[in-house]
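Throw the hints in and build the complete structure from the sequences for me.
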Amino acid sequence: MAPYRSKLPPARAGFWQLLRAEFTKLRSVDRWLLTLLAGVAVTVLVSLVAAGGSETATSGDGGGSATEAAARVADSFRFVHRPLTGDGSVTARVTDLTLGEGTDAPWAKAGVIVKAGTEPGSPYVALMRTAGHGVRLQYGFEHDVAGGAVAGDAPVWLRLVREGDRLTGYESADGERWREVGSVPAAGLPDTARAGLFVAAPETVRVERSFGSLSIGAGPSAATGVFDNVRLEGGGSGGAGSIEGRTDWRDEAVGPASGPAAANGPAGGTERAGGTFTVTGSGDIGPLPPAGDLTWMSLAGAQVGLIAFAALGVLFITAEYKRGMIRTTFTAGPRRGRVLAAKGTVLAAVAFAAGLVAAVASFLVGQRALREGGHRPPRFPEVSLADGPALRAVVGTGLLLALVALFALGLGALLRHTAAAVTIVVVLFVLPLVLGGGLPLGAVEWLFRVTPVAGFGVQSTTPRYEQVETVCLPEDGCMPQGPWAGLGVLAAWAAVALALAAWRLRRRDA
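Under numbering that gives the first Met the number 0, the letters of the sequence shown match residues 0 to 509, in that order.
Hint data in this document are derived by calculation from the structure and do not stem from the laboratory.
Among the clues, some could well be false.
What the hints assert, rightly or not - Label pairs and their computed distance ranges (CB to CB):
(1) A40 - L384: 16 to 22 Å
(2) A352 - A419: 25 to 31 Å
(3) G116 - A494: 52 to 58 Å
All of these numbers come straight from a predicted model, not from anything done at the bench.
Where is the CB? At the ideal position from N, CA and C, for every residue including glycine.
What follows is the structure, given as structure tokens:
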């Protein structure tokens, strides 16, 4: 007698049949499709309204690329310099770095620099001692390489060596044993550059926020650096050796005057006694973060559109409980965890596709509205989908809305009550966004770090630089964690909700 062989398909085929069945359900229920379309429409419409309501004044037409580059960086400091042609080096010992009275500027700096010229925005490489972050090698306004720590008021020797198309920074405690800090390209530096000493001290920024009030204050600061054993060696420097006795060093303020003396004239100055330079300066050298995150602003509609995606996720399972269809579903697929997995797979794919369409449309119409409202170069960068951060934010928004739908699906399966599940999603997502402007900053950062709203961090594209202190408000798109870390928090919430739902499905009758 031939052995019995089941005519049922194997488990793998069974799962694909479940996927097909769930997709058929989703596209067959008009109310679910309308909810999905409403989510896309609301996301795009709110993004357009939010972007269109954001206006700013931009002077001029942006000018050339040099003008745009200078407008996006801070380049203001005290500079004591001479020409350096070709290969050469500049060496100095920084014996002291003090801040002005009442100044708290850990990124105040004094050191040696090789710069293309004295025009703001021109290329440079600088090696410096900072007030609170040790020795740093910085170049190109955005790049920062950490060196060694500085013990208290101990002097530190600094040396920049130019060889070919590279500059190498060295530090030393005694001027004899040198340690390399880093070697960087001399991009943009002409054959004859300006080399010498510099001092800068960025503005101090204070943020105070309590319930319902926000105060942001910026105050000028100044720093004084004392240098000795200064040597400039190489072509165009007028001969190798120390500077003692030389009078051809130029002392000037680069960039717009800032600091305590700015109102009455150029900030800072230089005093010389033999081979010792005492240089006082203010300002900063580094990037200027954009006045607003244009990508975040153009994707603002997702904060409202997520409600429709959440409703779809909840209805995708609670509607079956309400009408008793879930019994038929579980009869066709007795393994309830597999049924939930099939629902989640179909829902995630459809929600991601719809969310991606909504995000692309929101970005395109939002960027156009922002440009028409004055968000143009040089104050604001030109943003397009060809930019890596913008593309990540748009694709991430699609993932964000898909995870919202999955989280809602898990809550719907867990609670089996449509109104309760949707309410919880709205509270967890919308409430932190509403309260963001009224709670103390520490509380807001905590909310945006641990609740599902952390997922909106994937929309943030404002670059962050360790060497620049800025005002960072979560409700403006400056999230307390990175973009993928924030999306990971939301994914964890969705995973927990689905895991609890699967556990309950196995232990409770339909």
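Going through the hints against the structure:
no.: 1; hint: A40 - L384: 16 to 22 Å; in the structure: holds, 21 Å
no.: 2; hint: A352 - A419: 25 to 31 Å; in the structure: holds, 28 Å
no.: 3; hint: G116 - A494: 52 to 58 Å; in the structure: holds, 55 Å
When the structure is compared with the earlier hints, no violation turns up for any of them.
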